[in-house]
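Use these hints to put chain C onto chain U, whose structure you have.
Keeping their order, the protein sequence lines are chains U and C.
Count along the first sequence starting at 1, add 22, and that's the number in our numbering.
Count along the second sequence starting at 1, add 220, and that's the number in our numbering.
No lab work stands behind these hints: they were computed from the structure.
Please note that the accuracy of each hint is not assured.
[Said to hold, decoys possible] Residues on chain C that point at chain U, a partial pick, calculated with CB under 10 angstroms:
hint	residue
1	R472
2	A474
3	I516
4	S527
5	A529
6	V533
7	G562
8	A563
9	R576
Even for Gly, the Cβ is constructed at its ideal location relative to N, Cα and C.
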Amino acid sequence: VTFRARLLLAGLVLALVPLAILGLGLRGRVIAALEAQFAGRVAALADVIEEDLQRESAALATRLERLAEEAAADPRLRLALVGGGAPDAEARPYLLDYASRAMPPTGLDLLRIQDAAGRVLSSGHFRAEYDASDPALPAALARAGERAVLAEVPTASGPMLALARAHTWTVGSETFTLVGGTAVDDRFLDRLGRGAGLDVRLVKPGEGDAMLGGPPAGSENPSAVAPSALVREVSVPFVGAAVGALSGDDGPPATGPRDAGPPDAAPATAVARFIVSASDAPLVRMRREMDRWLLAASAGAAVLALLLAAVVSAQLSRPLAALARRAGRIDLDRLDVAFPTRRLDEIGALSRVLDRMTGRLRASAARLREAERRATTGEIARQVHHDVKNGLIPIRNVLGHLGELAREQPDELPRVFLERQGTLDSGVSYLQSLASNYARLAPSLERRPCDPNRIAREVVGDAGASGNGDGSTGARVETDLAAGLPPVYADPVALRRILENLIVNAVESLEGGRGRVLVWTRRVDAGGGPPRVHLGVSDTGRGMTPEARARVFDDFFTTKPHGTGLGLSIVRRLVGDLGGSVHVESAPGEGTRFTIELPSAPSSGPTARADRTPDTAGSSAPHPPDRRP
Amino acid sequence: MPGRVEPAHAPVPRSGGERFLFAQLYRTLVGVDCNGRARPELAASWRSEAEGRRWTFTLSPDARDWEGVAVTASDVGSSWIAAQEALAADARAAAPPLRLGALTVIDPRTLRVDLPEPATVEFFARPELAVRTRVRAGAWPVGTGPFRPSDRDRLPPAGALATSVRLEGPVAVEMRAISGDARDALDSGVDVWVTRDPVVIGYARAGAGLSAVPLAWDRRYLLATGVAAAPDPSAAPVILRAPEAALAALARDAVRIEARGAGAAADPAPCSAPERRGEPDRGAGATGGARPAPRIVYPAGDAAARSLAERLVALALDPSRADAGWLLELVPGLAGGVGPVGAAGLAAPAFAAALRAGRDAAYVVGVDVGAGRGPCESLREAIRLAPWLRTPRPFGAVGGSAVLPLVETRSTLVLRRGIGGLSVDGDGVLLLDGMRSVGP
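Bound conformation, chain U alone (with noise of 0.2 angstroms):
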């Protein structure tokens, strides 16, 4: 996890926590004293709702004994009525629509005339009810005494709920039973409710929670159900429906046929529930609206907490990582890195602590330097001197002899001065040679755009005249250079000094002396950057081993009996200071090539391709040339 991660983090930790906190201790303080107000609204209702059946009951009586009176004053009723079960062909028929006919201008929703046996003589809210037998309803009715009782009765087009109350008359010597109701139905319930925003519904005996009413309005989920100090109840009789029609096989006793039993038998008391609740959809509403707010603000501190900490941490890290892009540019060849500061704080502590540690080391890499260069220096004294060393030897041996013989047979001495003569000659010319090595340890370097192709031809000209590529050896020194050759960047005394050593390797690698030696050139375009060129030296001598191989350009590396071992390793020197590289190709018995790449000069254009163009341009290993007899 980085630094700015962790202030990230502890930025959101700071700005999240303390927030939810305060939220949601607000949310519960509101939520309850809303459930608080609600469950107060519940019971005043409640007890409205009480007061208002109470009411409706007496208007309910008032009604019916009004009613009672005009029955009782209407003839053709009396006639009707007296006629008991077979009127005559007119008074049947009015008697059959009286009550469907006093129903709309009493207001009432449910209305009979029942005898004394329960029959239905006369149905307004079912006209089709003639002759129906109902007795336990008016039983029912006159037990409640001065209270409404909520029945169930039949109309046609399924049960219908009512507050009911009963008035008896009587005409001539039989009894006559006025059931008058008020549908309970949604819109009575909403009566009831007043429109308050409470939820009034009606529950029968046996329907559990049941009702009429459905879920409380504005409920989004119907089986949620409001918290219970938001219920109230108001109690009230109720009469079930009647005969086995409209009552369910698992409903309880009261619900049951009501001619069951005797008419005068008293049912099991049954009560139906109407039931005040508050709808807990203001209280789901108001929840989810606070909790978008509060996420809402969550949301919105946390992202200011992180631009916050984004820039805290931004301010924090940027010197830093500036200490540590300039930490990074330190090496053992770049130790001029400086940590400027005028930070006083722990930035510029560790800035200045970095630059102290910065100039320790510049001080100990001189030193590391100047120990390498006495090192060095050292074991190129102790090497020249065992060089010199055993070049005198033949030398100091062959004087010896000669002055021994001018001493004792001075007239030998021209003889063997002639025979020994070569050894002389062999022994200053080794000499000289490792004079000249030594010499080219140190170069100096002027670079400059030269033609690679005519320092080549120029050092196996040289390489000719000096007899080392003559027939009489058996070593042939060929060229094959590309024509169109961009002129590379270098200096052409050291390039030459490059070609003049492999070739001379090349040709003491030569088996017998016999063989081929070929210097070749080759122009490389690689991916749209400036063509490179490619200089190199082949040969059919002995190759090497993987081993020599890896180590041929070490100093003072050979495998030559009288090799200074100095020659590949003044190659790979000079052309990495000329800003190119060098590679061998080399198995044992199948020659040896070196390739050197060199960047062509800047300003050198495309110029003329190659007359042979490698097919591998852009390749770091050219293919060796053909190899030409």
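Chain C in isolation, oriented as in the chain U frame:
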């Protein structure tokens, strides 16, 4: 004027109002009087062959149109063909499709018709077979009746309804569409009123200067029941028979208009339907599994059908009643289901669709009866409305269909005393009298 009148329909009536109006304007070859007897109209004589499949009519020399031109056999043939086409094109037509066979004009006064099915001569009294002679663009088709519209040269555009039509003829007549209480209309001077409303009838009987004359029994109510199954054109529904006392009680107490039990007059032999009387039909109508609460469906605008359906519900709700046992024995589908049986009134299109589908326990269906439409015709009409009735319901078997005739109803003619003679056709259509020869 009962029902809507669209003059462009002339001379083929599609509603009660058109039937009444066109009956005054266009005549048929034969008529049926209120006693059910055929009488000559445009035809002077007729004869039948091939057991009632071939009929030959000779036109009366007195048969003339509004312009005094003699009616020819070609006029009759072209009228009938046009009527066939009009009924076939009008999918909403209440009347069953008209199926005539080959028409042959033997001479200008003789027409022969070959019917696909045997028929009696009353068939040709159908109002759809009224004759017009010439069709003129934008004018009433030239009629053959005793009355003609005063604006006969100008026919209202198709789709326009007539609210008032003046007729010229033996007497001047104005027919008006009246909304509101019929008693107010009678008090405001309307001379003739056809109604089923017992209040209006009672008012006419009690009031001075008005007479109430019962018309022919013209509408029959059936209870179509059973379950939907693949119709079998060769089969016929079982005709159920309720106790006559029960039907009489239905007619007397359940229906508030004038009605009588339909059992006695129903289903003569030609219908060839198996007949049952009060035998239990166990499992009939059951389709297996829990059924929803059964319901009796009726057309919402038909008060008589509603009364019948509600009474049947009241009886089915209380099977212990002495007067209810017959119903559940004949129609056991009314018991059972997950809830109590109920009645449901559906608007005309919904009722037609429900009746055609046949998924409810029972349907109260009202069909017209009258001239050319005997009990068999009413049964065929019921089958046309409910094709699943073709599936017979075998005794004791599950499924099938049955028809239970319930009641027949009729209208009452309320007329002002002293306005002259009126006659009533066999199908209850009022004829403004005085111009028609009555009886052969």
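| Status of the C/A563 interface restraint (C-beta, 10 angstroms, chain U) | holds, 4 angstroms
| field | Hint check: 10 angstroms Cβ-Cβ cutoff, C/I516 to chain U | value | holds, 9 angstroms
| Interface hint for C/A529, Cβ within 10 angstroms of any Cβ on chain U | holds, 7 angstroms
| query | Going by Cβ atoms only, is C/R472 closer than 10 angstroms to chain U? | reply | At 8 angstroms from the nearest chain U Cβ, C/R472 passes the 10 angstroms test, so the hint holds.
| Is the shortest C-beta separation between C/S527 and chain U less than 10 angstroms? | At about 7 angstroms, which falls below the 10 angstroms cut-off, the nearest Cβ of chain U leaves the hint on C/S527 intact, so it holds.
| said: Quick check on C/V533 please, does its C-beta sit within 10 angstroms of some C-beta on chain U? | reply: holds, 5 angstroms
| Are C/G562 and chain U close enough, Cβ to Cβ, to be under 10 angstroms, as the hint says? | holds, 5 angstroms
| Cut-off 10 angstroms, beta-carbon criterion: hint that C/A474 touches chain U | Hint holds; C/A474 Cβ to chain U Cβ min 6 angstroms, cut 10 angstroms.
| With a cut-off of 10 angstroms, does the beta carbon of C/R576 approach a beta carbon of chain U closely enough for the hint to hold? | violated, 22 angstroms
Of the numbered hints stated above, the single one contradicted by the structure is hint 9.
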